[in-house]
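Residues per chain, in single letters:
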Amino acid sequence: MRPRDPLPYLVLPALALAALAVMSFPAWLTLTVAGIAMGCMLFLAASGLTLIFGLMDVLNFAHGGFVTLGAFIAVSVVVTWAPAIGGVALVALAVLAAAVAGALLGLVFERVLIRRVAGAPLRQILITMGGAIILQQALIVLWGAEPLPLPRPENLRGSVIFAGAALERYRLAVIGVGVVVFAALALTLKRTRLGLLVRAAVENREMVESLGFHVDRLFRLVFAAGTALAALGGVVWALHAEMVTADLGADITILLFITVIIGGLGSVGGCFLAALLVGLADNYVGFLAPKLALGTDILLMLIVLLWRPRGLLPVAEP
Amino acid sequence: MAEPPLLTLAGVHTHIGRYHILHGVDLAVAAGEVSVLLGRNGAGKTTTLRSIMGLWRVSRGAIDFAGQPIAARATPDIARLGIAYVPENMGVFSGLTVAENFRLATPSGRFEPQRLAQVMRAFPVLEQKWQVRAGTLSGGQKQMLAIGRAIIAERRLLIIDEPSKGLAPVMVGQLLDALLALKRARTTILLVEQNFFLARALGDRVAVMDDGRIVHTGTMAALAEDVALQSRLLGLSLESHQ
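Top to bottom, those sequences are chains A and P.
Under the numbering used here, read the first sequence as residues -6 to 311, first letter to last.
Under the numbering used here, read the second sequence as residues 267 to 508, first letter to last.
Incorrect hints may have been included.
Pairwise CB distance ranges (calculated) [stated by the list, open to error]: (1) A:T181 to P:D292: 43 to 53 Å; (2) A:S69 to P:A338: 39 to 49 Å; (3) A:G188 to P:L382: 16 to 26 Å; (4) A:G188 to P:V436: 35 to 45 Å; (5) A:A82 to P:A383: 50 to 60 Å; (6) A:R186 to P:H289: 35 to 45 Å.
Selected chain A positions facing chain P (Cβ under 7 Å, derived; list incomplete) [what the hints assert, rightly or not]: (7) L189; (8) A193; (9) R198; (10) E202; (11) G205.
Partner residues aside, some chain A positions facing chain P, computed with beta carbon under 8 Å [as the list claims (entries may be wrong)]: (12) I126; (13) Q130; (14) R186; (15) R192; (16) E196; (17) N197; (18) E199; (19) F206; (20) H207; (21) L211; (22) V308.
Worth flagging that the hints you see were computed from the coordinates, not collected in a lab.
Since the structure is predicted, the reported quantities are computational estimates derived from the model, not experimental observations.
We put the beta carbon where it would ideally sit given N, CA and C, even for glycine.
When you get a sec, could you build the whole thing from the sequences and use the hints?
Structure (structure tokens):
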């Protein structure tokens, strides 16, 4: 097989090494772990967005709403089950409930809104923006407008000291979850027939249909998987902040779009790479030049797009 | 009694947006034969093939395959009746390997060894490129992959749109050999082809299209021998193209 272009993969180590040159090792290690953890959280929330765009050419501006939904579901699960179940098991239950709710609502959303505007990008943008507003207001009706606490379990609190650096337990756990989800997605896409169909349909929907496969059914499955991932990402974001507001998804939507654009729209590998890049850059810049922190993501996107207009790891063109 | 045609189109009209492209196409494809659709650019050949596959919705008329009406069916359901389609742009998945391209065209993802061997004999270069990303293949190799993929599983009809388009002469020769092997195996093929040399070598029957209608049908042998008819049909088309 033709080797892939290694340059995009070298960006991360180059950035990390450049940061190491200008700070102490413990500070670098703390920031690097925090950056990778933030990258994993971003990936969890953004992977569904890139999958949905890649396969369906739908930029779902309501994606953030599914992130918020996941977070609220986690609150309800914790409030309901906290006395009976504790620790990581409770988090696992919250994640499962959020993912199922995200998938089910995603199926409804696809049926009611997305399917009506297939192939009409402008209408898709308008209808998904409208959907985002409806979803956010519905969540406020159900859970209220006030911030709700979502405390982390005891065993995900505190830090471990490694090589003189304090590394938060929760961030280490998030890295574990992010890597597992990425590996599962990558393996599904690379090794299974379903993944093969998704990759092929991302490239050329019409040809996949001409080979006898109903791509619209595949779309529904991928849309539900994408919104389930968004809800999962919502749980992880909410546990990080230990608080849920109805604005959670809307607040990170721009960051999610920046991530999938940097990675290459439709590319899961690119999304993971871009999420790590955004996470690391945010943490390093926030530490070294706090005044620049607000513009880091936009600047990063600008630089990447000037270098690679289709993103770091774009999907193949037909 | 003569066997009924495998595929028939009767009075097929197709609109693309507000443009009326096909104006009542009547066509029959007999089983075990190679039927060639000729005509100038824009005559409606590709639209006819896409209408058969359900990629453009037919606005009026009937399309029957093996006795079943298919005009209202979805593309995947039409393909599952045993129709393989090789579009003009070949439809190769550039980001997938050659092996993955083939695997997608099998019903279960597994190859039937005899069939795979037969395809590899027809297109030996694909065996060497088995794990190579299809996007890196040459134009001719991509065309071989597209046709090989169409025959990797058992099909009742192959629909091939301009396979020689953009290929170097040496590749056209290899392609012709492979298509002749399919013809010898009595594969039913509906072929759109601008290269008259290739069309003549392969075709049993021919239909000529102009302005969204079939303007001539007959045997390829008759058309090949009748220079005046060639000139009238194809010359007429060329003139209207200018």
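Comparing the hints with the structure gives:
| no. | hint | result |
| --- | --- | --- |
| 1 | A:T181 to P:D292: 43 to 53 Å | holds, 47 Å |
| 2 | A:S69 to P:A338: 39 to 49 Å | holds, 46 Å |
| 3 | A:G188 to P:L382: 16 to 26 Å | holds, 22 Å |
| 4 | A:G188 to P:V436: 35 to 45 Å | holds, 37 Å |
| 5 | A:A82 to P:A383: 50 to 60 Å | holds, 54 Å |
| 6 | A:R186 to P:H289: 35 to 45 Å | holds, 42 Å |
| 7 | L189 | holds, 6 Å |
| 8 | A193 | holds, 5 Å |
| 9 | R198 | violated, 10 Å |
| 10 | E202 | holds, 4 Å |
| 11 | G205 | holds, 4 Å |
| 12 | I126 | violated, 32 Å |
| 13 | Q130 | violated, 37 Å |
| 14 | R186 | holds, 5 Å |
| 15 | R192 | holds, 6 Å |
| 16 | E196 | holds, 5 Å |
| 17 | N197 | holds, 6 Å |
| 18 | E199 | holds, 6 Å |
| 19 | F206 | holds, 6 Å |
| 20 | H207 | holds, 5 Å |
| 21 | L211 | violated, 10 Å |
| 22 | V308 | holds, 6 Å |
Hints 9, 12, 13 and 21 from the list above are not met by this structure, while the remaining hints are.
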